[in-house]
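Asker: Sequence:
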Amino acid sequence: MIQIIPSLLVPDKQTFLRELRGLKDSVKMLQIDIADGVFVPDKTWADPTVIKNHLEIDCELHLMVADPLSVAKTWEGVSQVKRILVHYESVKDWGETLPRLLALDWDVSIVLNPETPITVLDLNLDIDLLKGVMFMGVHPGKQHQPFIPEVLKKIKALRAKGTRHFVEIDGGVNEDTLPQIIASGVDAICPGSAIFGNERTPVENVERMRELIEQLTK
Numbered sequence: 007m008i009q010i011i012p013s014l015l016v017p018d019k020q021t022f023l024r025e026l027r028g029l030k031d032s033v034k035m036l037q038i039d040i041a042d043g044v045f046v047p048d049k050t051w052a053d054p055t056v057i058k059n060h061l062e063i064d065c066e067l068h069l070m071v072a073d074p075l076s077v078a079k080t081w082e083g084v085s086q087v088k089r090i091l092v093h094y095e096s097v098k099d100w101g102e103t104l105p106r107l108l109a110l111d112w113d114v115s116i117v118l119n120p121e122t123p124i125t126v127l128d129l130n131l132d133i134d135l136l137k138g139v140m141f142m143g144v145h146p147g148k149q150h151q152p153f154i155p156e157v158l159k160k161i162k163a164l165r166a167k168g169t170r171h172f173v174e175i176d177g178g179v180n181e182d183t184l185p186q187i188i189a190s191g192v193d194a195i196c197p198g199s200a201i202f203g204n205e206r207t208p209v210e211n212v213e214r215m216r217e218l219i220e221q222l223t224k
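Residue numbers for the sequence shown follow my numbering, so the first one is 7 and each next one is one higher.
In case anyone wonders, no lab produced these hints; they're calculated from the structure. Any given hint might turn out to be false.
Stated by the list, open to error - Simulated restraints, written as ranges between beta carbons of each label pair:
#1 Glu213 <-> Arg106: 34 to 44 Å
#2 Lys167 <-> Pro17: 35 to 45 Å
#3 Asp128 <-> Gly203: 32 to 42 Å
#4 Lys34 <-> Gly101: 26 to 36 Å
#5 Asp111 <-> Ala72: 19 to 29 Å
#6 Glu62 <-> Glu156: 33 to 43 Å
It should be emphasised that the depicted structure is a prediction, and the values quoted were computed from it without experimental measurement. Glycine residues also receive a C-beta, built at the ideal position from the N, C-alpha and C atoms.
Required output: the full structure, derived from the provided sequences and hints.
Answerer: What follows is the structure, encoded as structure tokens:
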């Protein structure tokens with residue numbers, strides 16, 4: 007079954023806690039979006055202490071930041087963190103940075119922006135050290151953007167290589183785009199506005215998306 011990992015991008019603690027309560031126990035992992043206002047235009051809220059004290063499920067950190075190593079280090083000791091997702095475009099020297107990220111003892115996935123080709127995985131870093139690859143279906147940092155379908159060609163191309171990597175897609179994931187996304191071969195989807203901030207509750211949205219996945223993968 008394809009995993010649903012809701013992507014939570016919030017401006018403050020109160021919003022985070024409200025959305026977290028809305029999820030209840032509907033999922034096993036949450037993606038926390040961390041934006042610094044430098045790598046992407048907007049800035050988000052995320053506090054390691056609050057997550058440590060209030061989150062009862064696992065999480066992954068989507069680091070939309072200019073200095074991912076420094077930001078990741080501030081989350082050491084937060085047991086809920088299982089994976090960090092680092093943008094390829096945010097690191098100048100992967101040969102130096104990747105070992106330091108791996109030393110933090112979390113799984114490390116690389117994130118590719120819509121315009122970044124998958125050839126960078128072969129040219130600029132040891133992909134075998136990575137646990138996963140996350141593809142952005144929109145440009146990072148803002149919700150409610152239209153999905154960029156050309157990204158699906160990159161997912162299929164990676165799958166054609168026969169790699170073992172855990173493949174996620176974030177951005178533009180909703181009921182309309184889900185059929186073509188599932189057909190591309192992803193392991194997990196990371197819906198944001200399709201889960202939070204609409205007329206249904208987060209639990210209802212997760213259940214609806216899970217039903218669609220079951221129907222589309224029969």
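Asker: Each hint: holds or not?
Answerer: To see whether the hints hold, each was checked on the structure:
| no. | hint | result |
| --- | --- | --- |
| 1 | Glu213 <-> Arg106: 34 to 44 Å | holds (40 Å) |
| 2 | Lys167 <-> Pro17: 35 to 45 Å | holds (39 Å) |
| 3 | Asp128 <-> Gly203: 32 to 42 Å | holds (38 Å) |
| 4 | Lys34 <-> Gly101: 26 to 36 Å | holds (34 Å) |
| 5 | Asp111 <-> Ala72: 19 to 29 Å | holds (23 Å) |
| 6 | Glu62 <-> Glu156: 33 to 43 Å | holds (38 Å) |
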